[in-house]
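**Student:** In order, the protein sequences belong to chains D and B.
Heads up, the first sequence is in the numbering used here, so the first residue is 1 and it goes up one at a time.
Heads up, the second sequence is in the numbering used here, so the first residue is 1 and it goes up one at a time.
Calculated from the structure, these hints are not laboratory results.
All residues carry an ideal CB built from backbone N, CA and C; glycine is no exception.
One or more of the hints may lead you astray.
Result set (PhoX-like, lysine-lysine): computed pairs, CA atoms no more than 25 angstroms apart in a straight line [as the list claims (entries may be wrong)]:
no. : chain 1 : residue 1 : chain 2 : residue 2
1   : D       : Lys65     : D       : Lys17
2   : D       : Lys6      : D       : Lys17
3   : D       : Lys359    : D       : Lys10
4   : D       : Lys209    : B       : Lys158
5   : D       : Lys110    : B       : Lys95
6   : D       : Lys385    : D       : Lys21
7   : D       : Lys209    : D       : Lys98
8   : D       : Lys10     : D       : Lys21
9   : B       : Lys95     : D       : Lys98
10  : D       : Lys6      : D       : Lys359
11  : D       : Lys65     : D       : Lys21
12  : D       : Lys209    : D       : Lys110
13  : D       : Lys359    : D       : Lys17
14  : B       : Lys158    : D       : Lys98
15  : D       : Lys110    : B       : Lys158
Far from chain D by the CB rule (all over 10 angstroms, computed), these chain B residues [said to hold, decoys possible]:
no. : residue
16  : Gly43
17  : Glu59
18  : Glu86
19  : Leu106
20  : Pro110
21  : Glu160
Reference excerpt, derived from the structure (chain D facing chain B, CB under 10 angstroms, subset only) [stated by the list, open to error]:
no. : residue
22  : Leu59
23  : Ala101
24  : Asp239
25  : Gly327
26  : Glu407
27  : Glu408
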Amino acid sequence: MYVAVKGGRKAIEEAHKLLAKERRGDPATPEITVAQIREQLSLAVDRVQTEGALYDPTLAALAVKQARGDLVEAAFLLRASRATLERFGFSEPVETGKMRARRRISGTFKDLPGGQILGPTFDYTHRLLDRSLLDDDSDAAADAAADADKDADKGAHAAGGADGKSNGGAGGDGRARHDDDDPADGAGLSETSLADSFAGPSTAPAADKFLVDLGLMEAEPPELPEDPEPFDLTRQPLDFPLDRPGRLQALARADEGFLLALAYSSQRGYGSVHPFVADLRLGTVEVRLTLPETGLAVTIGEIELTECQTACQFGGGGGRPPMFTRGYGLALGHNERKALSMAVVDRALRSRELGEAVKGPAQDEEFVVCHSDNVEASGFVSHIKLPHYVDFQAEMSMLRHMRAGLEESSGRPGPSDPGPPGRPGVRPPAGSRQSCPGEGAGPRASPAPRPNSQGTTTT
Amino acid sequence: MKKTTDNGKKSAAGAAGFEFADPAARARARSRVAGAVALAEDGELRALLDGLGELPPFEYLRRPGRGLVMLRGRAGGTGRPFNLGEAAATRCSIKILGRAGHGCCLGDDPARALAAALADGLLQDGGHAGRILSLAGRLEELIGRRRALADRRAQKTKVEFFTLARGDNDE
Chain D
1 MYVAVKGGRK
11 AIEEAHKLLA
21 KERRGDPATP
31 EITVAQIREQ
41 LSLAVDRVQT
51 EGALYDPTLA
61 ALAVKQARGD
71 LVEAAFLLRA
81 SRATLERFGF
91 SEPVETGKMR
101 ARRRISGTFK
111 DLPGGQILGP
121 TFDYTHRLLD
131 RSLLDDDSDA
141 AADAAADADK
151 DADKGAHAAG
161 GADGKSNGGA
171 GGDGRARHDD
181 DDPADGAGLS
191 ETSLADSFAG
201 PSTAPAADKF
211 LVDLGLMEAE
221 PPELPEDPEP
231 FDLTRQPLDF
241 PLDRPGRLQA
251 LARADEGFLL
261 ALAYSSQRGY
271 GSVHPFVADL
281 RLGTVEVRLT
291 LPETGLAVTI
301 GEIELTECQT
311 ACQFGGGGGR
321 PPMFTRGYGL
331 ALGHNERKAL
341 SMAVVDRALR
351 SRELGEAVKG
361 PAQDEEFVVC
371 HSDNVEASGF
381 VSHIKLPHYV
391 DFQAEMSMLR
401 HMRAGLEESS
411 GRPGPSDPGP
421 PGRPGVRPPA
431 GSRQSCPGEG
441 AGPRASPAPR
451 PNSQGTTTT
Chain B
1 MKKTTDNGKK
11 SAAGAAGFEF
21 ADPAARARAR
31 SRVAGAVALA
41 EDGELRALLD
51 GLGELPPFEY
61 LRRPGRGLVM
71 LRGRAGGTGR
81 PFNLGEAAAT
91 RCSIKILGRA
101 GHGCCLGDDP
111 ARALAAALAD
121 GLLQDGGHAG
131 RILSLAGRLE
141 ELIGRRRALA
151 DRRAQKTKVE
161 FFTLARGDND
171 E
């Protein structure tokens with residue numbers, strides 16, 4: 001049973017003022033801007049977007065600033081913000097096969113078509129602190145970036161226009177062509193969509209495809225017309241077992257640390273998954289939405305994603321030869337650790353489907369999905385620091401009754417507050433007030449109170 | 001020969017304009033223009049609007065408003081769709097020269113949503129369609145250039161890994 005507390009307004013207002021002051025830090029240092037956070041702490045922003053389950057780099061950066069760098073709190077802020085907004089619709093599934101990758105590696109094939117593109121990665125860095133970054137105006141990195149751009153520009157003419165399909169693309173004659181185009185014939189624009197016309201080497205097919213083509217890896221079951229609409233945990237109650245789309249949605253917003261620990265546990269033996277990374281890529285994809293007013297599917301922007309395809313040990317049986325099995329990870333923004341962990345846990349959660357023994361926590365769907373959301377988890381764990389005075393008084397009272405009963409039966413004098421006799425060592429049935437006449441309210445309701453979707457409860 | 005016809009059409013566009021070959025062509029054009037407006041950078045978009053010059057008067061059917069689009073992915077990249085997470089979006093609808101124009105873009109970006117709606121509305125007007133298409137074509141060109149540059153930048157980090165055992169790199 002919940003009983004709200006009242007009062008404390010003045011103190012709470014002052015606490016908020018103090019919070020704002022501490023957020024600002026030493027006023028002698030310049031205030032950090034949301035744009036600076038978005039551009040320079042982009043991996044923090046990306047984590048907040050992923051776990052807040054809302055793609056909006058500027059809002060996520062604002063959340064990081066407001067939360068003073070507490071990324072779980074920032075994810076909470078984003079979730080709260082999203083709860084106030086109307087949903088326009090569902091995008092078409094993003095085509096990660098057309099991702100414009102700026103990083104693309106494989107742990108299984110060193111010579112994969114399209115090549116291995118390291119991109120911006122911490123891999124192969126020495127993890128030595130770079131003390132040059134201590135200087136406020138350290139422009140060494142910026143200079144290096146500018147050099148890289150200059151070099152890239154030099155290659156512009158060689159690379160541009162080489163793509164035969166390009167329409168007004170990188171080729172130098174693009175502008176002239178458009179000026180002379182007849183707007184009436186197919187609208188001055190070719191049949192090829194923008195996404196198709198710039199398919200460069202970075203959009204090479206994923207490495208898992210080769211294994212599938214060789215028959216050495218299970219093919220991904222395709223979407224079927226009779227498939228139901230994908231499960232949406234923001235609108236439907238969790239009902240176990242979930243199907244794979246439902247699980248993937250939960251994993252996509254799951255806490256990175258939780259997934260990382262589960263993936264690690266699985267690799268160490270609590271479960272069965274220790275996969276290879278067949279294809280890991282970071283890049284942008286276009287988002288297409290069918291506008292209800294026109295019924296036309298249009299590109300409404302592009303987003304950055306991290307995608308991970310893993311090849312895991314063998315499934316088969318039932319007439320099928322042994323073959324690699326799949327795990328899949330997809331995260332908003334640049335979130336490699338998250339995408340990898342997600343792929344491992346996705347595969348671990350397929351254990352039942354693949355007829356494997358469920359031995360580790362990472363294979364237990366209900367355990368994983370129910371405890372992976374850090375907004376819910378943080379809300380439920382943190383709510384115990386809020387006033388629980390009445391609950392606590394009830395438990396105090398119950399404890400006294402138990403003690404009194406014990407002392408009575410052993411013939412020793414009771415405590416100062418005897419109350420009615422209770423059964424020694426037995427917790428009264430939940431919710432039965434008469435068995436525990438406490439000082440303010442009945443015992444805590446059973447089962448334990450559940451937080452609402454924002455993770456807030458008041459007792 | 002063809003060129004003359006084109007130029008003739010262009011100069012006449014302000015008055016009579018042109019018609020799309022068929023509804024499918026018109027739908028394709030609307031979709032492409034929407035994409036170009038959605039993917040252009042802020043500065044490029046401003047250039048587009050400046051390029052349109054003085055706009056005919058328009059009224060809002062729906063003022064720019066924020067909302068969400070649920071993003072979907074596919075299991076394994078190609079399989080069953082799943083809900084990945086939402087994205088902030090802005091949409092807007094206007095009426096211009098008797099035509100309804102609808103725009104939607106990612107992010108909290110009322111100016112872009114309005115630009116998309118205006119472009120969509122004007123595209124359906126014979127007198128403006130040609131201009132809109134040519135401006136959208138320029139945007140696509142700029143977007144393509146930017147993408148090609150990003151691609152080249154990434155290509156500079158392309159690696160060749162060698163395995164050290166048994167000399168399998170001799171070929």
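**Student:** Would you list, in rising numerical order, the hints stated earlier that this structure does not obey?
**Tutor:** 3, 5, 9, 10, 13, 18, 19, 21, 24, 26, 27
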